[in-house]
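Colleague: Sequence:
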Amino acid sequence: MARKPTARDLHALEAAQDIAYRAWEAPKAKRRALAEKALATSPLCADAHVILAMEEPAGSAEALAHWQRAVAAGAAALGPAGFREMEGEFWGWLETRPYMRALHGLAGALWAAGQAEDAIAQAREMLRLNPNDNQGVRYELLGWLLAEGRDDEVAALIDTYPEEGMAVWPWARTLLAFRREGAGPAADAALASAIEANSHVAPLLAGTKRRPKRPPAMYGWGDANEAAVVLEEIGAGWMLTPGAIAWLKAKLPPVPARRPSHTSGTGS
47 MARKPTARDL
57 HALEAAQDIA
67 YRAWEAPKAK
77 RRALAEKALA
87 TSPLCADAHV
97 ILAMEEPAGS
107 AEALAHWQRA
117 VAAGAAALGP
127 AGFREMEGEF
137 WGWLETRPYM
147 RALHGLAGAL
157 WAAGQAEDAI
167 AQAREMLRLN
177 PNDNQGVRYE
187 LLGWLLAEGR
197 DDEVAALIDT
207 YPEEGMAVWP
217 WARTLLAFRR
227 EGAGPAADAA
237 LASAIEANSH
247 VAPLLAGTKR
257 RPKRPPAMYG
267 WGDANEAAVV
277 LEEIGAGWML
287 TPGAIAWLKA
297 KLPPVPARRP
307 SHTSGTGS
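Residues 47 to 314 in my numbering are what the sequence shown spells out, letter by letter.
If you are wondering where the hints come from, they were derived from the structure by calculation, not from laboratory data.
Derived DSS-like pairs: lysine-lysine, alpha-carbon spacing no greater than 30 Å straight-line:
#, residue 1, residue 2
1, Lys-297, Lys-259
2, Lys-76, Lys-259
3, Lys-50, Lys-83
4, Lys-297, Lys-255
5, Lys-259, Lys-295
6, Lys-295, Lys-255
7, Lys-259, Lys-74
Beta-carbon label-pair distances, calculated as ranges:
#, residue 1, residue 2, range
8, Asp-269, Ala-127, 43 to 51 Å
9, Ala-127, Arg-226, 38 to 46 Å
10, Pro-288, Leu-56, 48 to 56 Å
11, Leu-56, Ala-229, 54 to 62 Å
We treat Cβ as the ideally placed atom computed from N, Cα and C, and that holds for glycine.
Construct the complete structure from the given sequences, taking the supplied hints into account.
Modeller: Structure representation (structure tokens):
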């Protein structure tokens, strides 16, 4: 829908959005039916497609198709005028959030499908529409750029958010310094700053600490949960950089050997 949505379109969308909100909260057995009801009420309900995408197996063609439909529906709901009026402030406007959720999901689905260039383009579009990045897509984008070896773009993204406080940034700077200058003073200084930001990251990357099975739901700056998030976002870039993990291991204090356990018992 390239035209501006009519008042009737928006009224139907409002009703459909209410159904979609109910679907988010509903038990899994009822979620799909409610999402389909929302779409029957208004085909502009992007969140209904988001819900259906999340009901499909991650990485499946069906999920990707729903993410693409979600983006199309969200764009149609906003109309060309909506993009012009709210560009740069998306997410700050409630009506843009279904579209931004759809874009975020599509970017992740494209990356999972091996379509790196398209995933990166979607993430960049999100940052263009909402430089404040309330959804945190910059962390995923940073990891994708590192994994693709696009170091100049990594540096530019880091510079775009100079006040970033999360440990993803200093650990990415460390990897970037190692890639550009190898083992030496620049990489050493960056590593010292990264360890100061979150010391739990190093043993996860080095493999001396067991990696969590899934990213944590919550974290605090400098804690072990944040370290797991850092690993999730940029761990692949570290693993794909020749010599990076070996260099990191050499910089860490040796892990103390485990003392053998002794058991005592009484014989009969």
